[in-house]
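Let the sequences and hints guide you as you build the complete structure.
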Amino acid sequence: MDDLDNAIDFTKKSIELEPTDNAYSNLGTMLFSIGNYEDAIGSYQSALEISKDNFIIWGNLADAYKASEKSLSFSSYEQASELAQLSLKTNSNDSYTKSHLSYYLANLNNTADALFYASQINENNTGLENFITALTYEQLGMTEESIRHLSLIHI
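Mapping of the sequence shown onto the numbering used here: position 103 corresponds to residue 103, and the numbering continues sequentially without gaps.
Incorrect hints may appear among the rest.
[As the list claims (entries may be wrong)] Computed list of lysine-lysine pairs in DSSO-like fashion (alpha-carbon distance at most 27 Å, straight line): (1) 52 <-> 70; (2) 70 <-> 12; (3) 13 <-> 52; (4) 52 <-> 66; (5) 89 <-> 12; (6) 12 <-> 52; (7) 52 <-> 89.
[Unchecked claim] Derived DEER-like restraints, expressed as beta-carbon distance ranges: (8) 111 <-> 10: 23 to 31 Å; (9) 2 <-> 52: 32 to 40 Å; (10) 144 <-> 109: 15 to 23 Å; (11) 120 <-> 2: 25 to 33 Å; (12) 112 <-> 148: 36 to 44 Å; (13) 10 <-> 144: 36 to 44 Å; (14) 7 <-> 110: 31 to 39 Å; (15) 85 <-> 49: 21 to 29 Å.
Simulated from the structure, these hints should not be mistaken for laboratory data.
We put the CB at the ideal spot given by N, CA and C, even for glycine.
Structural data, given as structure tokens:
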């Protein structure tokens, strides 16, 4: 058994003891990473039963639907987008939320708004924010800009 299999098993055991949105979401992400999209979807849905207003979990669910070629990805990206926009009303300078919102909007084919938020992420932002923004640009077919954002990530 490799490390990821162990992590999945331990996460399932932790959920048996104390189910939390983070545990279900982490399990979903691990299952997604090995291509088990159906079980990932189930884990994200369980996470949302606990924390229905978490835009990250909605976005992860949308990605799992998209990877499994289910039509529900669009409505899940819409929900993630709406919740991220609500979050920005609380903190309009939150670049973490802006990077994710740009990605959700790109997946909703809302190019103008996706670019509006993506253009606010630069070398002063975190590696994660630049990675998500690179995904946005790749989704929009802007590979050179995607590569530029990947080059801003300092490992």
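Numbered hints the structure breaks, given as an ascending list: The structure breaks hints 5, 8, 11, 12; every other hint is satisfied.
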